[in-house]
Structure formats: structure tokens, C-alpha cells
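Peer 1: The residues making up each chain are set out below.
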Amino acid sequence: MDKVELSISPFKCASINPSINTSNTRKQRERSGNNKYRLTSPAVSAHHAFSIHFARTYRMNTLLQVLLEIQETFLLATRALVRIIRRPAYFAEILTQIDRIGVGSLSIILLTGFFTGGVLTLQTVPTLKSFGTQSVTGQLIALSLVRELGPVLSALMVTARVGSAISAELGAMSVSQQIDAMRALGTDPIRKLVAPRLIALLISLPLLTVLADIIGIMGGWIVAVSLFQQDSSTFLNSVRNGITGDDVIGGVIKPIVFGFLICAISCRQGLTTEGGTVGVGLSTTRAVVLSAIMVIISDFFLAKALQVVLNVPT
Amino acid sequence: MVSTDFELQSASESASAETANATVSDAAADSTFAEVDDRSRTVPAIEFRDVHLTFGERVILGGISFVVQKGETKIILGGSGTGKSTLIKIILGLLKPDSGRVLVDGEDITDYTEEQMMSVRHKIGMIFQEGALFDSLSVYDNVAYRLHEQNVDEAQVEEEVRRMLRFVNLEDAIEKMPIELSGGMRRRVGIARALVGAPSVILFDEPTAGLDPPTARTICELAIKLRDLEDVSSIFVTHEMNNLTYLTGEYAVVDDSGEVILEQEGEKLCLINTKIMMLRDGEIIFSGTDELLRKSDDRYIQTFIHGK
Ligand SMILES: Nc1ncnc2c1ncn2[C@@H]1O[C@H](COP(=O)(O)OP(=O)(O)O)[C@@H](O)[C@H]1O
Ligand SMILES: [Mg+2]
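Chains A and B are the protein sequences, given in the same order.
My numbering numbers the first residue of the first sequence as 1 and each following residue consecutively.
My numbering numbers the first residue of the second sequence as 1 and each following residue consecutively.
Hint data in this document are derived by calculation from the structure and do not stem from the laboratory.
Keep in mind the model is a prediction, meaning the values are calculated, not measured.
Simulated coverage check for chain B against chain A, where a stretch passes if three residues somewhere in it have a Cβ under 8 Å from a Cβ of chain A: (1) 89-95; (2) 145-157.
For lysine-lysine, the following DSS-like pairs were computed, each having C-alpha atoms within a straight-line distance of at most 27 Å: (3) K295(B) - K308(B); (4) K192(A) - K176(B); (5) K192(A) - K123(B); (6) K123(B) - K225(B).
Just some of the chain B residues that point at chain A, by a computed CB distance under 7 Å: (7) M118; (8) R121; (9) H122.
Glycine is no exception: its CB is placed at the ideal position from the N, C-alpha and C atoms.
Assemble the whole structure, with the sequences as input and the hints as a guide.
Peer 2: What follows is the structure, given as C-alpha cells:
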């Protein structure tokens with residue numbers, strides 16, 4: 001499937017994507033004479049569960065559909081970034097979103113981090129003890145948290161709390177024609193709705209992750225000291241010796257990527273919601289499931305990429 | 001941008017679009033417009049040229065052509081699901097047709113990008129079928145939406161919002177949230193929001209559906225006033241016959257004391273600025289004045305008018 005075919009886009013409607021309505025793509029579409037690869041626009045609410053109808057009418061190649069979905073999701077988020085950078089606006093909106101997304105998620109992130117660090121210590125110390133290497137408890141806890149558990153668990157918690165809220169809110173706006181109304185009143189929903197959420201997530205998630213790491217290490221330290229009577233300074237020294245600058249860099253790059261994914265997927269699902277309240281439920285489920293899966297899958301590849309980029313000995 | 005021969009062409013097209021049975025009134029309309037000095041008034045506010053749209057395999061619009069002149073109100077009748085809302089969304093560029101041309105103020109918007117559409121949309125006010133108010137914003141912020149987006153000075157915004165809410169008779173509701181409003185109030189806030197910025201074209205999508213008769217009447221009166229006093233071109237989608245009676249039978253004038261009053265169309269005056277168009281199965285099955293509609297011997301139209 002070549003690039004041109006993919007960009008004969010899935011959009012039936014005037015999508016928010018300017019590239020799609022260029023006469024060029026229109027012509028290609030008309031020339032190829034088919035209506036095959038078209039879905040509805042991200043911002044146009046429909047009265048029908050169009051995709052069902054669509055799938056029934058045209059047996060579209062599933063793989064192609066998946067590729068299109070990925071392309072559109074990615075485009076949506078990049079467009080949001082480009083537009084807000086080119087003509088910055090909606091500072092108040094960005095602050096509101098940071099408050100809702102970042103500050104609002106603080107408590108669940110801290111709880112998750114604390115107990116993850118705690119349980120990690122609880123489960124590993126006996127094993128380390130059997131090898132006589134309990135002096136490295138701190139290092140083990142810190143590395144696990146900073147490299148993997150902190151970023152991934154924070155991203156999953158934010159998916160559950162924020163991704164679902166974004167897609168439900170945008171979905172409800174789509175089905176009640178508020179997105180259409182916004183466009184009719186001359187506002188670009190990508191700039192107004194997607195961009196502030198994206199920026200808020202890109203700022204908040206790395207900060208939340210760092211906090212989760214710190215609290216997690218604290219949780220581990222408390223368990224080590226109180227339940228396993230380890231020496232407090234041994235633990236802390238082990239932590240300090242264990243993590244390198246590279247680990248910290250990797251631990252911050254990951255949440256930035258995760259934040260991008262969560263926001264792109266949730267906004268895309270929300271804006272393409274169709275079919276009334278049932279549709280809102282469906283798109284919210286899809287947003288959470290897709291975001292969570294994408295976080296975990298991309299974590300693997302990010303880990304590998306970071307090992308290569310940062311020259312971590314393997 | 002708009003050439004003279006284009007104007008001629010569109011004028012002739014409007015005559016032919018309004019089929020044989022409507023020629024008399026159309027000639028009258030054309031002669032009226034010919035006498036108006038301002039040439040720009042002969043450019044139609046909205047024009048559809050053979051617009052097609054299908055969803056999947058369903059043909060929603062199968063070659064629709066029509067013209068809405070400046071200052072004219074076009075009432076669109078048609079059962080549910082005949083594509084009335086779809087047609088309106090095409091004017092706003094929220095949907096794009098498969099083929100055909102759409103012109104707003106003589107400007108061909110068919111291939112406009114979303115960014116280009118934004119400037120066209122500033123000329124158009126849209127009243128959505130269910131109001132489509134922003135739930136998260138108060139009535140004030142809803143009505144002020146367009147002005148806030150344009151960073152207008154707050155004092156000016158407040159003045160304009162109050163003026164608009166007064167126009168729809170809802171000034172007391174200014175602090176309320178949409179959730180606290182009744183259906184009729186929501187609809188009227190929607191109208192106020194659409195009127196901000198004095199758009200020259202207003203699209204009403206079933207503005208009276210589901211409202212009690214007095215409220216529905218109020219909304220029709222608003223549309224009449226906009227048509228006759230503010231010189232707004234509009235499309236008024238409805239399937240309620242009493243709306244049609246109001247809009248085609250009454251006109252608004254300002255009396256000696258400066259009050260706006262509605263008068264009945266009578267012997268001496270016949271409204272020519274309100275036309276009716278009826279859609280069925282993606283086709284225009286009727287286009288003309290209300291008198292012709294009522295006289296039509298088409299069975300479907302008669303059933304539509306009388307409900308049996
Ligand atoms: N985005 C869409 N995808 C598929 N079908 C649609 C879409 N929007 C509208 N339709 C269908 O098009 C037809 C016309 O809809 P609409 O214009 O809302 O009718 P109405 O005249 O009642 O306003 C309906 O049958 C509706 O189901
Ligand atoms: Mg409708």
C-alpha cells in the first residue's frame with residue numbers, strides 16, 4: 001500500500017486536516033472513482049454508527065484500516081503541536097488542563113509510586129538475602145523504578161484517569177454537536193481542545209513520573225528499614241550509586257513519549273465518537289485500552305532504543 | 001472576484017431551478033432585484049450547483065441545485081432523514097460534497113480548506129438542531145464565545161451579549177449554565193450565540209422542533225424580524241406547517257412609535273422574500289412560494305401539509 005493511497009484519506013467530511021481537502025486529493029479520489037477508503041471526519045458527529053455500516057458495506061482491509069488509524073492519530077497530535085507553536089494561544093486553557101491533568105493526578109500517582117516501591121522491596125529482599133546481596137536493595141529498587149515501573153505505572157494511571165476523561169469529554173462534545181458548533185463559530189478544535197491537553201500532558205507526565213520515582217524509592221526505603229531492619233544509609237548509598245544520569249534521562253524521555261501517545265489516542269477517539277451516548281462509552285473504552293497497550297508496547301521499543309542511544313552495556 | 005457574466009448565469013439558473021410552476025413569482029423576484037441599485041445584491045447569498053453526497057451507498061443528496069438570494073428566507077421542508085441537516089452542514093463546510101459546487105456570497109467554498117473556511121464561517125450564523133450549547137460554559141460565555149475568541153474587549157463583549165440576550169428575551173438567564181435551561185431557552189441561547197457578530201447568513205436547523213407552540217412562535221418571530229429588519233439571508237429547516245404559515249404570511253415593520261410590529265400579508269402586499277423548497281429522497285420535489293405549495297396536487301406534498 002503506497003503513501004498516496006493512504007492519504008486518500010479516510011475522511012468523508014471536511015476534516016480538520018487541511019491537507020485532505022486539497023483539490024489534489026479530491027481529484028485523486030474522484031479519479032480512482034471509489035468511495036472505499038473513507039471514514040467520517042474526526043470532528044463531525046454522525047447520526048449513525050457509521051463504522052459498522054461502513055465495515056458492512058466495504059470489506060476494508062483490516063491492516064489498512066489499522067495503518068490509517070495510526071496515521072490519523074499521529075497526524076492529529078502533530079498538527080495540534082504545530083498549530084499551537086506556530087500561533088500560540090489559549091494559555092488559560094493550557095493552565096486549566098495542567099491543573100486538571102497534572103495536579104489532579106498527583107494523589108493517585110503518589111499512592112501508586114509509594115506502594116510499588118514498598119512491595120518491590122518486600123518481594124526482592126528475601127531473594128537478595130538468600131544470595132547475601134541485600135546491600136544492593138536500594139540500587140535494585142531505584143533502577144526498577146526509574147527505568148521501568150515509574151514511567152510505565154504513571155502512564156497507566158494517567159491513562160485511566162486522564163485518557164478516559166479526555167475521550168469521554170470530547171466524545172460527548174462530538175455527539176452533542178458541540179464540536180461542530182465550535183467549528184461553525186470559527187474555532188479550530190485542534191487548537192482549542194487538543195493542543196492544550198497535549199501540552200499539559202507533555203509537561204505533567206514527566207513531572208509526575210519523577211515524583212512517582214522519588215516516592216517509590218521512599219516507600220522502598222521505609223519497608224527496607226522498618227520491615228527488614230536494613231541500615232538506612234546503606235540503602236540510600238546503594239540508591240545513589242545505582243542510578244546514573246542516563247537512567248534519569250531515559251526515565252524522563254519515556255513519559256514524554258507516553259504522554260504524546262495517551263493524548264493523541266484519547267483525543268482522536270473522542271473526536272471521532274459517533275452514535276450517541278453508547279458511542280461515548282465505546283470510544284472511552286477504546287481510548288483507555290489502546291493507550292494502555294500502546295504504552296506497554298512502546299515501552300519495550302523505547303527501552304531498546306534508549307539502550308542503543310545511551311550506550312548502555314547490555 | 002465575481003464577474004458580471006457569472007451574475008447573469010446565476011440569475012438565469014435561479015429562474016430555471018425554480019421550475020415552470022414558479023416562473024411568475026420568480027420573474028417578480030428578479031424584477032425586484034433588478035431595480036435595486038446595488039449590484040452586489042444580485043450575487044446570491046447561497047448557491048448550490050448540482051451537489052451530490054452519499055454516505056456509503058445511501059444517496060443523501062442527489063444533485064441539488066438552488067439559490068438563496070440576499071435578504072431571502074428559504075424554508076426547507078422534508079421528512080426526517082432526508083438530508084436537511086446535511087445540506088446545512090455543507091454550507092458551513094462541516095461536510096464536503098462528493099461533487100457539485102457550493103457558493104457563499106459568490107465565493108466558491110467547495111474546495112476550501114478548514115483554515116479558509118474559518119473566514120467564511122464568520123459570515124454565517126448556525127442554529128443547531130439541539131442547540132449544541134457548550135455545556136462547560138455559562139450562558140454568558142456561550143453567547144460571548146465568538147467575541148472571546150476574537151479577544152474583544154470585555155466591556156464591549158458584555159454589552160453585545162446583553163443586547164443579544166435581550167433580543168431573544170433571555171437577559172435574566174445570563175448567569176445560568178446550559179444544564180439549568182429548558183429546551184426552548186437553550187434554543188434561544190443558541191440563536192443569540194449565532195447572531196453575535198451580525199452574520200449576513202443564518203441557518204436554522206429545526207429551531208422549533210420539540211418546543212411548545214408559544215415558544216415556537218417566538219422563534220419564528222425572531223426569524224421574521226431578522227429577515228425584514230436586519231436584511232439577513234436565511235435557511236429555515238422545519239417540518240412544522242405552522243412555522244411555514246408564520247414565515248410566509250407575516251412581516252415585520254417598525255411603526256411610527258418605533259415599535260417593531262408584525263403584520264399579516266394581505267391583499268395589497270404579497271411576500272416574495274420567502275421561498276419554500278421541499279426535499280425527498282435526495283431530490284428537490286418542490287420549489288416555489290407557499291401559495292403554490294398549498295395548491296400543489298402532488299400527493300406526497302398534500303400528505304405532508306395535512307398530515308394525512
Ligand atoms: N456522518 C454520517 N455518516 C453516515 N450517515 C449519515 C451521517 N450523517 C447523516 N447521515 C445519514 O444521512 C441521512 C440524512 O441525515 P440528516 O441530514 O441529519 O437528516 P435530516 O433531514 O433529518 O436533518 C440520515 O439518514 C442519516 O442517517
Ligand atoms: Mg436534521
